[in-house]
Amino acid sequence: STEQFQYTASFGVWSISMGIIGVGATIIGDLSLIFILCLGVFFVDSTVFFLIFTIFGTVVLFLNFKLRDKLKNSGERLALLQIKSTRLINDLVLTYKEMYIKGRRKFLIDKLNRMRDEYSDKFAEQVFYPNLSKYVFESLIIIGGLLIAAILFNLRNASGASSGIALFLIASGR
Numbered sequence: 001s002t003e004q005f006q007y008t009a010s011f012g013v014w015s016i017s018m019g020i021i022g023v024g025a026t027i028i029g030d031l032s033l034i035f036i037l038c039l040g041v042f043f044v045d046s047t048v049f050f051l052i053f054t055i056f057g058t059v060v061l062f063l064n065f066k067l068r069d070k071l072k073n074s075g076e077r078l079a080l081l082q083i084k085s086t087r088l089i090n091d092l093v094l095t096y097k098e099m100y101i102k103g104r105r106k107f108l109i110d111k112l113n114r115m116r117d118e119y120s121d122k123f124a125e126q127v128f129y130p131n132l133s134k135y136v137f138e139s140l141i142i143i144g145g146l147l148i149a150a151i152l153f154n155l156r157n158a159s160g161a162s163s164g165i166a167l168f169l170i171a172s173g174r
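All letters in the sequence shown, in the order written, are residues 1 to 174 by the numbering used here.
It should be emphasised that the hints constitute simulated quantities derived from the structure, not laboratory data. A hint or two may mislead.
In silico lysine-lysine, DSBU-like type, Cα no more than 35 Å apart, as pairs [what the hints assert, rightly or not]: (1) 122 with 72; (2) 134 with 102; (3) 122 with 106; (4) 134 with 122; (5) 111 with 70; (6) 97 with 134; (7) 106 with 72.
Pairwise CB distance ranges, derived in the manner of DEER restraints [as the list claims (entries may be wrong)]: (8) 36 with 136: 40 to 46 Å; (9) 121 with 44: 17 to 23 Å; (10) 96 with 28: 46 to 52 Å.
All residues carry an ideal CB built from backbone N, CA and C; glycine is no exception.
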């Protein structure tokens, strides 16, 4: 339809370029850095590496499992609402006099407002969920630091535990 073409040619292009290509490039860069950090931590202190890998790996899998379907469904609904609301706007513009005479103008405007409200909610979800992981990981650094400190002080002397904690904080800060 015309509305689907408009969506594809405008917001769809932005979604593909920023949402797939941009994020893909960021993921490749981040994964490369994480691999290098993990390799360095593994060679410096394998105990800290396994603790980091276990703690962060578990949280990554949990977040992926919980948020993947929500974001997918939200994105699909967002695209559908964009197309439907564009169609409704076009109908309103093209048939404004007819809708005014038939008294359906208010009904269609209310319908459009409900669509745009839902669109705003879905768009907010698309913006919020990726940032949620940032706050989860920042909290995890604090909790993980305390957990690793407890483990390392039980396994090593104070200087060995301190160096392990410092290594954890430096690596997990990235």
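Tested hints:
no.	hint	in the structure
1	122 with 72	holds, 11 Å
2	134 with 102	violated, 52 Å
3	122 with 106	holds, 24 Å
4	134 with 122	holds, 20 Å
5	111 with 70	holds, 25 Å
6	97 with 134	violated, 50 Å
7	106 with 72	holds, 33 Å
8	36 with 136: 40 to 46 Å	violated, 23 Å
9	121 with 44: 17 to 23 Å	violated, 46 Å
10	96 with 28: 46 to 52 Å	holds, 49 Å
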